[in-house]
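Protein chains in written order, with my numbering: chain C, 1 to 491; chain S, 1001 to 1101; chain L, 2001 to 2100; chain G, 3001 to 3316.
Think of the hints as simulated: they come from the structure by calculation, not from any bench. We put the beta carbon where it would ideally sit given N, CA and C, even for glycine. Just so you know, not all the hints are guaranteed correct.
Partial chain G-side listing against chain S, Cβ under 7 Å, derived [as the list claims (entries may be wrong)]:
1. I3179
2. L3180
3. A3183
Here is what each chain is made of, one letter per residue.
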Amino acid sequence: MSGAAWAIGAVLVPLAGATAALVGGARAGRWVGLATAGASAACAGGLASAVLAGGTVRHRVGGWGAPLGIELRADGLSALMLVMVAAVGIAVTVSAAAYFGGAGGGEEQGRRRLLFWPLWLFLWAALDALFLAADVFNVYVTLELVGLSAVGLVALAGDRAALGAAARYLVLALLGSLAYLLGVGLLYAGLGTLDAGGIRAALGPGLLATAAGALVLGGLALKAALFPLHGWLPPAHAGAPAPVSAALSALVVKAAFYLLVRFTREILPGAALPRAEVLLGALGAAGIVWGSLQALRQDRLKGVVAYSTVAQLGYLFLFFPLARDAGAATALSGAGLFALAHALAKAALFLASGAILKALPSDRLDGLAGLGSRMPLTAAAVAVASVSILALPPSGGFAGKWLLLSTAFATGRWGWAVPMLLGGVLAAGYSFRVLERAIASTPGDAPPVRAPLAMELSALALALAAFAVGLVPWAPLRLLGAGGALAGVAP
Amino acid sequence: MTALDWMALPFLAASAFFFLAGTVGLLRFPDLFTRLHALAKADNLGLGLAVVGLAIRSGSAAVAVKLVLTWLLALVASSTSCHLIARGARREGVEPVRGRR
Amino acid sequence: MTSAHLFAFSGVALLGAGLLGVLAHRHLVRRVVGLNLAGSGVFLVIVALARRSDPPDPVPHALVLTGLVVGLSATALALALAVRLHRETGAARVPEEDGP
Amino acid sequence: MTAGLALDVLLAVALPLVGLAAVLRRDLVQSVMLLFSLGVLLAIAWARLGAPDIAMVEAALGAGVTGVLFLSALARVGPDDAAPRAASVRVALAALAAAAVAPVALAVEALPRAFEGLGREVLARVPETGATHPVTSVLLDFRGYDTLLEIAVLLLAVLGAWAARGGAPSPRPPAPGPILTAAVRLLLPLMVVVAGVLLWVGSSAPGGAFQAGTVLGTTLVLATLSGGVALPRVPPWVVRSMLALGFAVFLAVAGATAASGRALLRYPGAHAAGLLLAIEAALTISIAVVVWALFERDPEERRAEGEAGGREGEAA
């Protein structure tokens, strides 16, 4: 199969799965989900190997080609993101099949079993479509797909704080979409094209570029849970069912970041918005400190993990100031590795808390004592994933953070290293609060209810994968570099 | 202006008058029921006269038939909704204003 | 002033009104009203600017048709959330930014 | 100043003012009503801008679907009893909103007064598509992929609304009464015919699946609300299948085109028109069911309630 066929499959397969899950209903859902996850992941893998072998893959939908038609494009960065979605996606699917499995649980549980699968598979398709889009209006549609499926998944929980957070996120996200859409509309009104490459070629500095650039970047930043607009994220991610939290915290937050990278570095360099890049970095730095401090104050595992996402997202945003001129290639490698490792480790932690919640009455940190002897697999998952979140060598988190730090030193932008180092110290604080309880040798009784083995194993597999990224960082980096990664940036 | 336009003019002018009257009534009448009464004037007479005027101007029988159908549909819809609003108001305990204000 | 630019400015003003609606209110339904106004403003700008040729450029029309459907979907979801929030908390308020 | 330009000026001034009124009204119901009025004015504006397709959708949405959604939400959501913010805060927020949109106005002002866009290229290549109406060509052929994903967004609205709704029963509409029942009986067949016409003309004139589907969906809602016309009780999986039908057909066509080695959604020339009509027909049914499902209770709930409850009598 050609690279383009894999790319098309990566979108159509989960869409078909979502449709089948909707029609098939609660009983068929998990089997449809498992089959779809396998096939979608195979498409992502096929696409990645095609990109590795032959560079950037392009496809003209409808055969028209830009500017009349829509094009799909997969370069190294897109392929890496698709692989990230696939890896996390499989684990989430396996875990969810156990989490939502079984009969009974009343009407409410039946509703969840019915709605989770189509919502989740639509989300998967939306993410794949977003990472493959090369048309700025098509990006708008995929963004809405991601946003609405994410809100639907959070609403599934029915937890009061999560509902409020979902409402707040929806309003912010819609406002962000409108700003983005207006920016796209202005670009079209000025340039007569919606194709990313066409806009890059045609856009020069001027009033149009500044206004449209500010609208597009501002709209995306609204959706990215960037400090100080991060307030909805922790309650939404902490309050959702564990597999949902894993998908949201690992994958959905990356979508807006990915688009910001594309727009600042690739589509709108003509807009010349250097101050926007510094602003994004500064807000990221504030997010690192604030998120870490809040994570220290949480008394539930899911709360710690959710606030840690706010902090870890901050690291990613340091990419923007670091990537200016000389630092672009190293910064991109660092951000790519960091995003991948964070996705794997964060999903592992949320799936582990899901397993804990199945077996123990709550995920309060006080109640976790003796986890190592009571749920050894889950405790191992928490421990290994925390090592990557802490960015201890040789984990994946370390590899990414190290590359970002080296960019700061190599380009003489020492200031940006300070929040990274400070964030590391704070992360040590909140991670050890979890770890000391999880792996301390306090003897504990085996829990009366066992968590499904599939949930424990999927968490552990993800944690090990996050660690392994640090052992073989060349593998994702080679993929990232294939096909030029970003136009104008050669790692 | 063509001859057809001149022939249509009185109907359109009369239509505008009834719409204006209906709107004034909507704004000035004392209670819900009399306001509905004013609105019905605009829908029934104003729209009807506009339809006649436009049908003359169009000079085509097919268009005229479509216009008349539109008017009939609007009549059904407006009388039904006026009835529903009035009935709903009565159930909620809204009483017509009696006497002069 | 051409009609195209006239309506484009009207759309920008409508967007401003909608933005004010989102900023000034915390009731979720009111915010959805504001978002609908802002959306209409954005659509108006896009379609008005397509009127700068004769016949008008059909591509923005298609984009706005897609945008209207997306907007309807978002409105439906937001209103369902508002009803649920009202049932759970007794008020369809969007919670304040919690900055503890 | 010509009469046309005078109308444009009137509309262009009225639109933001009505919008502002909707924002500033204290009473939530009045605010929503002003939003509907804005929809009517917008429909005229779309017509003035040479966008009849959008005018039709705006009218169908504002008068039909969005209206029903807002009104049924208002019936269940309490009034906005928040104390109004201090005048100084309101002025500051208004200034903020104005400052946010001012640069957009400047950028619009800087755009050239005449601009072709892709219009000429679209018109030149419409004959190569399965439709003859340019907007339909863009929606289903040039940018058919967007439309495919857009239908997924619509399905997500239903799934999300069901997820958000939880186990709450929808409110029962008050007893309909003879006049409404008679009117609905009169209008139903007509609306079905209108939907059919809209679907059929869609390939060559303004219209198409979305317009037809919303009309049909609103008809279903009206039938449910009026109570005068009994809809058949169908099992939940049938409802879900009808919801998914349009998307599934579109997706199957997409998959088949990709699998046949053509580009994704490149319709085979000879069958393009037929395929587009099949997609549009299936979409019409699904969009109608989407509209109805957004309003009705979800199938699981209907089943849980069982046949025992039946419909409430016309007693009231």
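For each hint, the structure was consulted:
1. I3179: With a closest approach of 5 Å, the I3179 of chain G hint holds.
2. L3180: holds (6 Å)
3. A3183: holds (4 Å)
Going down the numbered hints, you'll see the structure goes against none, and every one checks out.
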